[in-house]
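Asks: With chain B held as given, fit chain E onto it using these hints.
Sequences listed follow chains B and E, in order. Throughout the first sequence, residue numbering follows my numbering, covering 1 to 437 in sequence. Throughout the second sequence, residue numbering follows my numbering, covering 1 to 437 in sequence.
Any given hint might turn out to be false.
If chains are identical, the list can't say which one is meant, so a pair holds when it fits in one copy or spans any two.
Below are the EDC-like pairs computed for lysine to aspartate or glutamate, each with C-alpha atoms no more than 20 Å apart in a straight line [claimed, not checked]:
1. 33 <-> 176
2. 155 <-> 234
3. 94 <-> 322
4. 155 <-> 176
5. 94 <-> 21
6. 155 <-> 212
7. 136 <-> 171
8. 33 <-> 11
9. 136 <-> 124
10. 94 <-> 68
11. 33 <-> 14
12. 94 <-> 151
13. 155 <-> 188
14. 155 <-> 23
15. 33 <-> 59
Just so you know, these hints were derived from the structure itself, not from any lab.
Protein chains: 2
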Amino acid sequence: MTEAPTTAALELWEEWPALSEEDRITRFRELPKHELNDFFLTLDPTEQAALVCGLPSSERVLWVRLLDPDDAVDMIQAASPHDRPALMDLLDEKTRTEVRALAAYEEDHAGGLMSPRFARVRPEMTVDEAIAYLRKQAGQVETIYYAYVLDAQQKLQGVISCRELFQAAGDRRVSEVMHANVISVLDDMDQESVGRVWVEQDLLAIPVVDHDGRMKGIITFDDMADVVREEATEDIQKMGGTEALAMPYMTAGILELVRKRAGWLSILFIGEMLTATAMAYYQDEIAAAVVLAVFLPLIISSGGNSGSQATTLVIRGMALGEVRIRDWPRVLGREVTVGLALGTVLGVLGLLRIVLWHSVAGSYGDHYLLLGMSVAISLVGVVLWGTVTGSMLPFVFRRLGFDPASASAPFVATLVDVTGLVIYFTVAGLLLRGTLL
Amino acid sequence: MTEAPTTAALELWEEWPALSEEDRITRFRELPKHELNDFFLTLDPTEQAALVCGLPSSERVLWVRLLDPDDAVDMIQAASPHDRPALMDLLDEKTRTEVRALAAYEEDHAGGLMSPRFARVRPEMTVDEAIAYLRKQAGQVETIYYAYVLDAQQKLQGVISCRELFQAAGDRRVSEVMHANVISVLDDMDQESVGRVWVEQDLLAIPVVDHDGRMKGIITFDDMADVVREEATEDIQKMGGTEALAMPYMTAGILELVRKRAGWLSILFIGEMLTATAMAYYQDEIAAAVVLAVFLPLIISSGGNSGSQATTLVIRGMALGEVRIRDWPRVLGREVTVGLALGTVLGVLGLLRIVLWHSVAGSYGDHYLLLGMSVAISLVGVVLWGTVTGSMLPFVFRRLGFDPASASAPFVATLVDVTGLVIYFTVAGLLLRGTLL
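Isolated chain B, as found in the complex (with noise of 0.2 Å):
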């Protein structure tokens, strides 16, 4: 955890992204001795990786001994794998034991992103004697903040804070001031859901346990801040369409971007490839009334947007815990009138541009006010359709233990392409029969 950071470094922070991994050796080398440390600690760990062995080897062990050891681990497995052996020989004997038991975790479980040094007080000492135990171990945790109270066997009995200890009175037992309910995440949790923990409770610090009770170490604020911002990142490149990046967008190689995105667009491209197998269905439709496929566009366009709305509500009401799967009636019923409102709106639009344009251009023939009412009606359809299609398809894909946030925009207005186009040919064969067509 960093401490009051100056404001200095602030400047190279700055120019950082743009900078290339030669140039910010040397700029970090050129930073005044004081700023040092709080500048690497602000690096997040593929940064801190390349840093180091960019470095001189007589001055990587400083930068590698500073840290602690969770932050330790998620700097050597995001260095290249001919680098770690050497990273690893430069920690000190008892980080370098704790490290190992780290890596064993996940890195994306609670034992992947937990600190094993914690403050620790047992029940039956004085509030006195836990005040002055922890002082004694300031220097070697994590956070204070936290005193957890552990019985000889190490599970976990209760917590207390800092600021508890220092209200009760000096003389009372531990075990009588802590509290005992304690807040707790199994060390093989996802990241996702300890993040939800996290986010409910406003802890500073949530103690992680085995499945015997045992402490095994501490999630600090910041470690689940930078999970939650994760996770969001993750969820909005999903709903854009394009698989999560995990690196900033900037240090992405081109090769990268290119792999990450066309896997999506190819498959999206190939579900819209139905729309011309449809389209080559209503071909006749189309050559007697040009005029149909002018409309086309606007009104496929229109399901997808109100599509992608919809979802986009769905999936981050999801991540935030607000929609539960079993919503997915209420969500429904909701978006059903939504739909059938929003898809009013755009029809009475629609008809007012036909009747309008026709009245000053009179573009549209004899039969402008039936063209018109197919596209207003259709409108409505294809709406509802999107609206009830990107709210649902969310549901589905937690259902069948998919990542909501996969039901992207560019997916929704996919799905809703095809069915737009069968929806607004259908309307209008049966309001033009006999007319234009």
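Replies: For chain E alone, kept in the frame of chain B given last:
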């Protein structure tokens, strides 16, 4: 800040979003006594206001006084204007004064987020005196993790963490061991910028100062985490082509949902009307070769999808501070390359589709190869154009002072649809003149 909450309240938490206002009040009052406080504190301000106003007046004062002044302001501002004076009257004198001062700040400025209750020490104190003084303040401040060093004019001179005080020798002066360069924010800084400072610095609390350097309060990590999450939600909702809801999806009324979505949907619809205008211009081409219309949805949607990918990556990069406005030429260079690569992938897929389909069903006539080439070349052009538009639009929005997140996937798709069909008919016109056209 919530301290070590208990587990049992989690059950009601689970069911909370689906409960009616009345059920919430009943169920809340049925909770075991020792769960009540923690549960109340984890609710959001709107829920707290609804709950308090629904309780008998004799019980209200208990809950209102549980809140720190910054949370009390939020709750009172979330209540209906009618209920606010009564809620204010429930506060004790000291808190009421603090709440009035805080309410004068804009809700989304640093001053509106801060709590005036922070731990303070004097520079001339010894470490032992400072620890004893902190211990006295422990009951009245939001956090004792950082002690702020203020001079007689209340100007912020430095900061020292509780841990550092613990580690320092007891007889040293605070001024000798404190950090003199403190990261602080101005009281009128907007919350998005405060969030960015916080995310970069990983601080437990950020001090807020006025333009004279006098310390006014602190913003703690739990409030910052809410801000960061709120800003991500706003961005995601805008990126999905809707106005930010500013409330949970499930509690937003139907009318509210329609209102927040109809605006952008209508704007997109009116923009998309340009496709009808453009299409009217190509009516003769369509009449001559209806097969051209068959591939139209496929081609324009590919532009929209690739634009959606690009705009999403750039918008999120900007929100994280990874992409700055001056990076636009580099982004443009990258996206031109990526767009050409992605366009080529889709172009090849499109050509294959037409050649294979023709060899199986013979549906595209003698000039199927020319048709295939028109589709393939158009795809390269449309995808390139979509990628470039999608990646540059957030920069344009930012430059114009709009939120880059409003360069949503649907917005980009709408822009690209019109130009996409112009590209398609132009390419087809060049390649097919004398054969199909």
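Asks: Checking an output row: residue 155 and residue 234, CA cutoff 20 Å. Within, between, both or neither?
Replies: Intra 35 Å, inter 42 Å, cutoff 20 Å: neither.
Asks: First find the shortest C-alpha distance between residue 155 and residue 212 inside one copy, then the shortest across copies, and answer within, between, both or neither for a cut-off of 20 Å.
Replies: Within one copy, since 8 Å is at most 20 Å while 51 Å is not.
Asks: Could you figure out if residue 155 and residue 23 sit no more than 20 Å apart (CA to CA) within one copy, between two copies, both or neither?
Replies: Answer is neither; intra-copy 49 Å and inter-copy 38 Å both fail.
Asks: Check residue 155 against residue 188 for me: Cα-Cα at most 20 Å, and say if that holds within a copy, between copies, both or neither.
Replies: within (17 Å within a copy, 47 Å between copies)
Asks: Are the CA atoms of residue 136 and residue 124 at most 20 Å apart within a copy, between copies, both, or neither?
Replies: Answer is within; shortest intra-copy Cα gap is 18 Å, inter-copy 25 Å.
Asks: Between the shortest in-copy and the shortest cross-copy C-alpha distance, which are at most 20 Å for residue 33 and residue 14: within, between, both, or neither?
Replies: Cα proximity of residue 33 and residue 14: one copy only (19 Å, versus 51 Å across).
Asks: From the Cα coordinates, with 20 Å as the cut-off, is the pair residue 94 and residue 322 best called within, between, both, or neither?
Replies: Classified as neither; 43 Å inside a copy, 36 Å across copies.
Asks: From the Cα coordinates, with 20 Å as the cut-off, is the pair residue 33 and residue 59 best called within, between, both, or neither?
Replies: This pair counts as within: shortest intra-copy Cα distance 13 Å, inter-copy 57 Å.
Asks: Go through the copies and call it for residue 136 and residue 171: within, between, both or neither, with a Cα cutoff of 20 Å.
Replies: both (19 Å within a copy, 17 Å between copies)
Asks: Can you tell me if residue 94 and residue 68 fall within 20 Å by alpha carbon in one copy, between copies, both or neither?
Replies: within (11 Å within a copy, 42 Å between copies)
Asks: When no copy is specified for residue 94 and residue 21, does a C-alpha distance of 20 Å or less occur within a copy, between copies, both, or neither?
Replies: neither (31 Å within a copy, 55 Å between copies)
Asks: How would you label the pair residue 94, residue 151 (within, between, both, or neither) given a Cα cut-off of 20 Å?
Replies: Neither. Shortest intra-copy (23 Å) and inter-copy (42 Å) distances fail the 20 Å Cα cut-off.
Checked against the numbered hints given earlier, the structure breaks hints 2, 3, 5, 12, 14 and satisfies all the rest.
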